[in-house]
Amino acid sequence: MRDARGQVRRMPGLRLWLSGSWLLILILAAVFAPMISPHDPLEQDLFAARLPPFWQQGADPAFLLGTDSLGRDLLSRMLYGARLALTVALVAGTLTCLVGATLGLIAGYYRGWADLVISRLVDIWMAFPPVLFAILLIAVLGTGLTSIIVAIVVIDWTRFSRVVRAEAMSQGAMDYVASAQVAGRSRLGIALAEILPNVLPTIVALLTLEMGIAVIVEAILSFVNLSISTDQPTWGGMIAEGRTSIYQAWWVLVFPLAALFLTVLSFSQLGEGLKDYFDPVLR
Amino acid sequence: MSYLTTKDLTVRLRNGAPLLRKVSLAVKSGEVRALVGESGAGKSMIGKAVLGILPRAAKLTGGEILLDGEDLLTLPPKQRRAKIGAKVALIPQDPLTALNPSRRVGPQITDRLVDILGWKRKEAEDRAVELLDEVHIQSPERVMRSYPHELSGGMRQRILIASAFAAEPKLIIADEPTTALDVTVQKQILKLIREMQERHDTALLFVTHDLGVVSKISQSLTVLYAGKVIEETDVRTFFAAPKHAYSRALLAATPKYTDPDGSLMPVPDSIISEVEQEVAAFDAQLKR
Amino acid sequence: MQIVRTLLTRLATTIITLLGAAIIVFVVIRVVPGNPIAMMLPPGATDADIARLEALYGLDKSIFEQFLIWIANVLQGDFGTSITTRQPVFDLVIGRLPATLELSVMALLIAIVVGGSAALTATLYRGTKVEGGIDVAGGVALSLPDFLWGLALILVLGVLWPLFHISGRVSPSLGFEFNTDFYLIEALVRFRFDVVLDLLGHMFLPALALAIPLAAIILQLLKQSLKECMHDDYITLARTKGYSETSIITRDALPNAILPTLTLVGVQFTFLIGGTVIIERLFSYEGLGNMAIDAVINRDLPLIQGIVLVFALLFTLVNLLVDMTYAALNPRLRHA
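Protein chains in written order, with my numbering: chain U, 1 to 283; chain P, 1001 to 1288; chain S, 2001 to 2336.
Source of the hints: derived by calculation from the structure; they are not laboratory data. The beta-carbon is built from N, C-alpha and C at its ideal position, and this holds for glycine as well. Any given hint might turn out to be false.
To be verified - Here are some of the chain U residues that sit facing chain S, going by a computed Cβ distance under 10 Å:
id	residue
1	I25
2	I27
3	L136
4	L209
5	G271
6	E272
As the list claims (entries may be wrong) - In silico lysine to any residue, SDA-like type, Cα no more than 25 Å apart, as pairs:
id	chain 1	residue 1	chain 2	residue 2
7	S	K2227	P	L1096
8	P	K1078	S	V2140
9	P	K1120	S	S2244
10	S	K2227	P	P1107
11	U	K275	S	G2133
12	P	K1083	S	R2251
13	P	K1170	P	T1254
14	P	K1059	S	M2230
15	U	K275	S	V2140
16	P	K1078	S	G2127
Stated by the list, open to error - Sample of chain S residues lacking proximity to chain P, with all beta carbon distances greater than 12 Å (derived):
id	residue
17	E2177
18	R2190
19	N2298
If we strip away everything but chain U, and leave its shape as in the complex, we get (with noise of 0.2 Å):
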């Protein structure tokens, strides 16, 4: 038995400290990104204009992951770009969380009618492709950061209301719930003291799991021209310049692309570990 708990929780141990290490490491980049930019990502140098990362033969080592096709400086465009990606992240990830959350809480411990119009709109939202969705609500909207931020929380927040509903409701089932009810406690307070702690590992987990995803929706949004000014550097920017010269120079896609997988993989990875962490079976 204990051989057999040792194998469950090194393995979320591992995963959480790799997913941590790379989610600090992006913060820590995003804030200081003024400062530790070797260049200004939007200045222009034609005549340095795709230079191939350092270790490549005609490279210039003051461009240690080379330039894109106007010869501004790969490794400043991505850290300034972390400051948007992790931005969306935070801000979208825990305004769809809260929403989506609270909607699926009322949904499912209430129950009645709250719950059938909530239900029927996810089914309703379920009818949409999310991506197109998302354009769609940026063209409507106009660019920017505010944009963004709203489409992916009006996109998305069906992901936690789905979730935090059924298991409201499960919970709600339970005899530990009746028996607040019998002792007199309110029904608000039944929700908040009673249902949402049970629910909230797995609100943790998806939430940060919601983070990876708007950050990829950042990115393709960028990656179409819809994001934030088109002069801002973003990773789904320079990936969609890195698309059209994929074959004179692929570092301009690789860079930002391996930085969008490491993120991305590092956020569901993290939400994994949680749950595992925060499942009382296994703690």
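Given chain U, work out where chains P and S should sit, using these hints.
Just chains P and S now, kept in the frame of chain U:
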């Protein structure tokens, strides 16, 4: 000459805890032998070991299983499976879960004949109709086209019995075949198994926890406690004068059909501790 | 009949969902941005232009009336006229839909084959390193979205080893004239296997990118239900009959394990179709999704409306279809 013999059969959990302690038993051709014990005594485990369907948590760690004089455990896995498939059949405990819910009943009776023994499909189907007739199922053709959920528990057990006898196995292992059924159906099924066994002259290893059933179906019996053989004898001797104190207590704890309301004695603690000591002594002896 | 009642209920909810979707599209496009005409007009348009357009789109009427008119038109297949191309939206959408359908179905097939065989292999080798390896691969496949897989595939199989095409739907150099918009089906029917090969070479990477996350989901769900089935008594009984482990898994366990997987895969397939929007863009594949993004960038509102509605219709139809397949496959429902 016995058809199935186990010699010093030992099965352990993966962590080493013994489930069967050097079990030796023999089932003669055409004989019915009951295997009796309380739940957890390891009686089903013997059948599973013979059939090669031990659960993953359990492991066969020693002994021999001779089937028709051939040691099964020395055969390569593929040949062993084929041999067991052709010579031995299982009547399972719970008819509700032992039929595949997504397949029609007919193919589940004939599949062994067609796939393993290479019969023609038509022959196998005729044979299945014949067998369903033997287990007293009305309109067998219609039943063969049914899905399991359309049939009652008793019907399904009849089908499983028919299916077990389909390939004319020399040995059938019945693993508490009536436990999951209604009391009224139990009696019919018991009678049916007995009838089929006699008609096909098959050896039968009948696993049960119910001594009341034993007297109705078998000629000989083996009593098991904690994976160890406690007593091995013929039915008449056993019911007249069980040798072992545990057997006597077990008999006293069995309701009698003649006196179903008579007071029942649970196996007394003193006898449990006595037999536990005996098992512990046996383990100690093995270690030495 | 139980089954008929279930299906009728499902049909009713489908219609309600579609109506809801239509309302959302209408609200998002016509109400939120204030004056939609302003968004449709090129800069420097005169007041007369605005009035003419408002009358054309019925914008001088109340919102509710506008909605009714719009819905009535949509039901007759009149989705309006595209602002950029001046062609009927319906024709444009119908012209592009086959490309997206072919891509989605191809992706679904890849996902089923890859995910299904991975699940079967993992079940056959359960408890060994093989299962562990498949689990890890599935975990990674699931945690990254199709967009990232698409980019990775472009790099590895398009550039590093240029085995497949990374943009377009068919090579123009083939000079092959298609009579329908179902290119792949048409080429197959006309036995032009060179064209089929070229189409597959274009379709493979985007389809694979869409398929990878779905394959991982199929792997996990199917493996889970196979594992549960492997404990059932009929499996044990089949073992005593002398069958090999492979045939027990495929013949006895698989049919019972497929049903619980099927419904969830249906929902996931709609996500896959949704993914075509960005994947088509990424691979310059001329489907509905690629057109949708162009329409958004060009602010071609009638076209956007039409495409979003067609997607919504597609999504709800797939879900309905899955429910019906489930009913047809489940012997317990079929013969109840």
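Was the hint right that G271/U lines chain S, CB cutoff 10 Å?
-> Holds, about 9 Å.
Within 25 Å, alpha carbon to alpha carbon, are K275/U and V2140/S?
-> 17 Å, holds
Verify the interface restraint on I27/U: the C-beta must sit less than 10 Å from at least one C-beta of chain S.
-> Since the shortest Cβ distance to chain S is 20 Å, the answer is violated.
Within 25 Å, alpha carbon to alpha carbon, are K1078/P and V2140/S?
-> 36 Å, violated
Is the straight-line distance between the alpha-carbon of K1170/P and that of T1254/P 25 Å or less?
-> 31 Å, violated
Do the alpha carbons of K2227/S and P1107/P lie within 25 Å of each other, as the hint requires?
-> It holds: about 24 Å lies between the C-alpha atoms, which stays within 25 Å.
Against chain S, is E272/U within 10 Å by beta-carbon distance?
-> The hint holds - E272/U has a Cβ within 10 Å of chain S, the shortest such distance being about 8 Å.
Given hint G2133/S paired with K275/U - CA-CA distance at most 25 Å = It holds: about 22 Å lies between the C-alpha atoms, which stays within 25 Å.
Against chain S, run the beta carbon of L209/U and see if the smallest gap drops under 10 Å.
-> This hint holds: L209/U lies near chain S, its Cβ roughly 9 Å from the closest one there, short of 10 Å.
Assess, step by step, whether the Cα of K1078/P is no farther than 25 Å from the Cα of G2127/S, and give holds or violated.
-> Given pair K1078/P, G2127/S holds - Cα atoms ~20 Å apart, limit 25 Å.
Holds or violated: is there a CB of chain S closer than 10 Å to the CB of I25/U?
-> Since chain S brings no Cβ nearer than about 19 Å to I25/U, farther than 10 Å, the hint is violated.
Mind checking the alpha carbons of K1083/P and R2251/S for me, to see if they're no more than 25 Å apart?
-> 21 Å, holds
In this structure, the earlier hints numbered 1, 2, 8 and 13 are contradicted, and the remaining ones agree with it.
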